[in-house]
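A.B. asks: For this one, chain A is given, so just place chain B on it according to the hints.
If you want the building blocks of each chain, they are given just below.
2 protein chains.
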Amino acid sequence: MGFNLAAHVRAGLPNPAPAPFKGFAPYYFIGGNNAGEALPIPELIDAATRALEKEGRNLAIYNLQTGPQGYRPLREWLVKRLKSWCQMDVTVDNILLTSGSLQALDLVHQVLLDPGDVVVVEGGTYGGTMSRLKDSKAEYVGVAMDDDGIIPAELEKVLAQIKAQGKRCKYVYTIPTVQNPTGTIMSLERRHALLEIARKHDLMIFEDDCYADLIWTGKRPPSIYSLDTEGRVVYCGSFSKSIAPALRVGYLVAKWDFIAQALPCKTDAGSGALEQTTLAMFCEQHFDAHVAKLTALFKQKCDAIQDALHESFGTAAEFRPPEGGIFIWVTVPEEVDTTKLAQAAAAAGVAINPGREWVADPESGKHSFRLCFGQPSFEQIKVGVAKLAEVCHEQFGVPLRSGNIERS
Amino acid sequence: MGFNLAAHVRAGLPNPAPAPFKGFAPYYFIGGNNAGEALPIPELIDAATRALEKEGRNLAIYNLQTGPQGYRPLREWLVKRLKSWCQMDVTVDNILLTSGSLQALDLVHQVLLDPGDVVVVEGGTYGGTMSRLKDSKAEYVGVAMDDDGIIPAELEKVLAQIKAQGKRCKYVYTIPTVQNPTGTIMSLERRHALLEIARKHDLMIFEDDCYADLIWTGKRPPSIYSLDTEGRVVYCGSFSKSIAPALRVGYLVAKWDFIAQALPCKTDAGSGALEQTTLAMFCEQHFDAHVAKLTALFKQKCDAIQDALHESFGTAAEFRPPEGGIFIWVTVPEEVDTTKLAQAAAAAGVAINPGREWVADPESGKHSFRLCFGQPSFEQIKVGVAKLAEVCHEQFGVPLRSGNIERS
Chain A
1006 MGFNLAAHVR AGLPNPAPAP FKGFAPYYFI GGNNAGEALP IPELIDAATR
1056 ALEKEGRNLA IYNLQTGPQG YRPLREWLVK RLKSWCQMDV TVDNILLTSG
1106 SLQALDLVHQ VLLDPGDVVV VEGGTYGGTM SRLKDSKAEY VGVAMDDDGI
1156 IPAELEKVLA QIKAQGKRCK YVYTIPTVQN PTGTIMSLER RHALLEIARK
1206 HDLMIFEDDC YADLIWTGKR PPSIYSLDTE GRVVYCGSFS KSIAPALRVG
1256 YLVAKWDFIA QALPCKTDAG SGALEQTTLA MFCEQHFDAH VAKLTALFKQ
1306 KCDAIQDALH ESFGTAAEFR PPEGGIFIWV TVPEEVDTTK LAQAAAAAGV
1356 AINPGREWVA DPESGKHSFR LCFGQPSFEQ IKVGVAKLAE VCHEQFGVPL
1406 RSGNIERS
Chain B
1006 MGFNLAAHVR AGLPNPAPAP FKGFAPYYFI GGNNAGEALP IPELIDAATR
1056 ALEKEGRNLA IYNLQTGPQG YRPLREWLVK RLKSWCQMDV TVDNILLTSG
1106 SLQALDLVHQ VLLDPGDVVV VEGGTYGGTM SRLKDSKAEY VGVAMDDDGI
1156 IPAELEKVLA QIKAQGKRCK YVYTIPTVQN PTGTIMSLER RHALLEIARK
1206 HDLMIFEDDC YADLIWTGKR PPSIYSLDTE GRVVYCGSFS KSIAPALRVG
1256 YLVAKWDFIA QALPCKTDAG SGALEQTTLA MFCEQHFDAH VAKLTALFKQ
1306 KCDAIQDALH ESFGTAAEFR PPEGGIFIWV TVPEEVDTTK LAQAAAAAGV
1356 AINPGREWVA DPESGKHSFR LCFGQPSFEQ IKVGVAKLAE VCHEQFGVPL
1406 RSGNIERS
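Protein chains in written order, with my numbering: chain A, 1006 to 1413; chain B, 1006 to 1413.
So here's chain A without its partners, still in its complex pose (with noise of 0.2 Å):
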């Protein structure tokens, strides 16, 4: 009898890789990748050489011997950071590097839930979490929002559902600075609502603040953190997303007491110091500038992204443009199922997230779907939304006369 793998794995696994990875679509519309013609590349060697000059024989001991909350002088930097940009009041004992900002929803999940909890989660939110609530075992249950974040009266109901139902809800986590996938910023007035009605019934927050650093203004409300006074929120942020997402580095902040029960949660003995050093380095002479510059470039493929869709679908396609970040999130008339578009778009070598995948409750995300504009230049974008309504008017009849059509 020759062996069988299949025999042998454990019960309930997810389903196999099917083959290894052959390359993205040529029109890649999703995954939150960044602007590789931004990256400072001088700059970016000079910070790597002095960090190994610098530090470079600690890489000999696990964590650079700064212990497992991670490189000390990345996380200094990350103090007067949040102090200046979201007005939080941290220490470096409140911070956590961890790898990238998922390793942080896992230790949130780990410290705060058990099967069966609740999280409720903004009506639209990062398909990530839900996938990884999904593997907790938790449920979660998504709130209505509006262009100003989530609507209090409507978080209030679904509090009173999840109680009638006899469970329990462990925290609100919420995107509010560059909502994923809506791109608005959650207004100061709701931030203290929320935390009011979290108070109220006894709730923890999670404010993922990811995307945050790209904000057209350069101005945003304070954090929801750095407005609560008892340790109700944890947060989290990343460089994913302001300098580059292979670097995975993100980190966890909250109180002591919180940071103390991740910490044990946190078995892979640290994550990369070579990144965190390098970006300490980066950081102190030029994050403000790089970011400045990225967000500016973001712009610019924004406004050329609602261009082509104003283009390539006219009035069938239906978008708030976004405040900041590197999503758009665009609906189209009922008769398109975006799901069933988004498997004939990628036949056709065009890459989108379709909307159920992107909100709590799978039916109100039929109609839509997110393009991610970071990473496509504006030629990729242009062409790639013109083939993504192409293909929409084959499938569907919406947009009445394609992009290409309209053009020849």
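To be clear, the hints were calculated from the coordinates, so they are not data collected in a lab. Small disclaimer: the values here were computed from a predicted structure and weren't measured. A couple of the hints might just be wrong.
Same chains, same names: a pair is fine if it fits in one copy or spans any two.
[Claimed, not checked] Here are the simulated lysine-lysine pairs, BS3-like style, with alpha carbons at most 30 Å apart:
| hint | residue 1 | residue 2 |
| --- | --- | --- |
| 1 | K1224 | K1088 |
| 2 | K1027 | K1085 |
| 3 | K1027 | K1260 |
| 4 | K1260 | K1139 |
| 5 | K1088 | K1027 |
| 6 | K1059 | K1298 |
| 7 | K1142 | K1172 |
| 8 | K1304 | K1059 |
| 9 | K1387 | K1059 |
| 10 | K1027 | K1059 |
C.D. replies: Coordinates of chain B only, in the frame set by chain A:
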């Protein structure tokens, strides 16, 4: 009512960290740290510079556009290295780069283990593996070893016991090449015998080769993976011991069907790319020469710690000279409880691993301890071991006269 975190955390959470990191003990003989003085800083700077010149712009893309298995040129280098060093015939599709070999351990556990499954380990084994198995609610049981590795007849006995208990053994976890903690190398004959038993009982084998680059003679038997024709063996290795642990780059090697199952369990959106690209550049030019020099240094440190044990403990310390690696397993007379010794030594500034934490059956490690000698200087080795003997003398009257007394 104020906020109380304890009312919100999940049930069964590990104990919180007692306080932020305060630094290491002055004489630090624990943790798989490397020799900082041996790190080739100029070569690493050159490698990082070339990595950023070649791949810098791709940092803007998750996984550098080379897919979730990690940076392809580093996998290509590993294909060559695994062939020449371990006689393994693999392709880049058989390699998954991980955030340290700890992530490889986690992935193997996630793919294979249902709660209640049993893993057979060597009688003395890596503490981090046992703590992970506990967390995954699997059981583990140890098998007696001699200098050639696991004793086949003992393995058969243990497997019969597991079967008699109505339980299922999923795999044998082994560190055959520079065993942790004994520093032995499993003979070729035993490797074949282990595979034969695995076939007979339809088990898998998980071969952890993390320390295998560091062998005094520079010669080693083929990996168990290379002797397997069925896909019954999964293998992991690491750059932590050969280059630097703070880089967090390890690798899992397996047939594609196993990799395909591991990929969806690796939910971190990729491991650090600056570290992978820098290693790829470094290894292609410098790996062999660096490892030869590093191993020679470790051999000197290994000799130094044996001399120090002879000098300070005399006949009260028994050990087998390691055949490679960075640690030595020491057994002391039965009046010494090494858990208590470790506590008293810590108070005197000397950190050691008490034996109980490094064996499957805690009672069998009661009178042993592990000393890591990779990181401490020659002076720290000499003074630290003398201090340890002094504490041991004070606490247990063993050795009869402590090193300091002898020298005075």
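A.B. asks: If a hint holds in the structure, say so; if it does not, say that too.
C.D. replies: Against the structure, the hints:
1. For the homomeric pair K1224 and K1088, the shortest alpha-carbon distance inside one copy (14 Å) is at most 30 Å, but the shortest distance between copies (56 Å) is not.
2. Taking the shortest Cα distances, K1027 and K1085 sit within 30 Å of each other only across copies (22 Å), while inside one copy they are farther apart (42 Å).
3. For the identical chains of this complex, K1027 and K1260 are inter-copy neighbours only, at 18 Å across copies versus 43 Å inside a copy, given an alpha-carbon limit of 30 Å.
4. Both within a single protomer and between protomers do K1260 and K1139 lie at most 30 Å apart by alpha-carbon distance, with minima of 27 Å and 29 Å respectively.
5. In this assembly of identical chains, K1088 and K1027 lie within 30 Å of each other by CA distance solely across copies; the values are 25 Å between and 43 Å within a copy.
6. Taking the shortest Cα distances, K1059 and K1298 sit within 30 Å of each other both inside one copy (28 Å) and across copies (23 Å).
7. Proximity of K1142 to K1172 under the C-alpha cut-off of 30 Å is found in both arrangements, the shortest distances being 13 Å within a copy and 26 Å between copies.
8. Taking the closest pair of Cα atoms, K1304 and K1059 come within 30 Å of each other only across two copies (28 Å); inside a single copy the shortest separation is 37 Å, beyond that limit.
9. Taking identical chains as interchangeable, the C-alpha atoms of K1387 and K1059 lie at most 30 Å apart only when they sit on different chains, with a minimum of 28 Å there against 45 Å within one chain.
10. Taking the shortest alpha-carbon separations for K1027 and K1059, only the inter-copy value of 21 Å comes in at or below 30 Å, while the best intra-copy value is 39 Å.
Violated hints are absent here; each numbered hint is respected by the structure.
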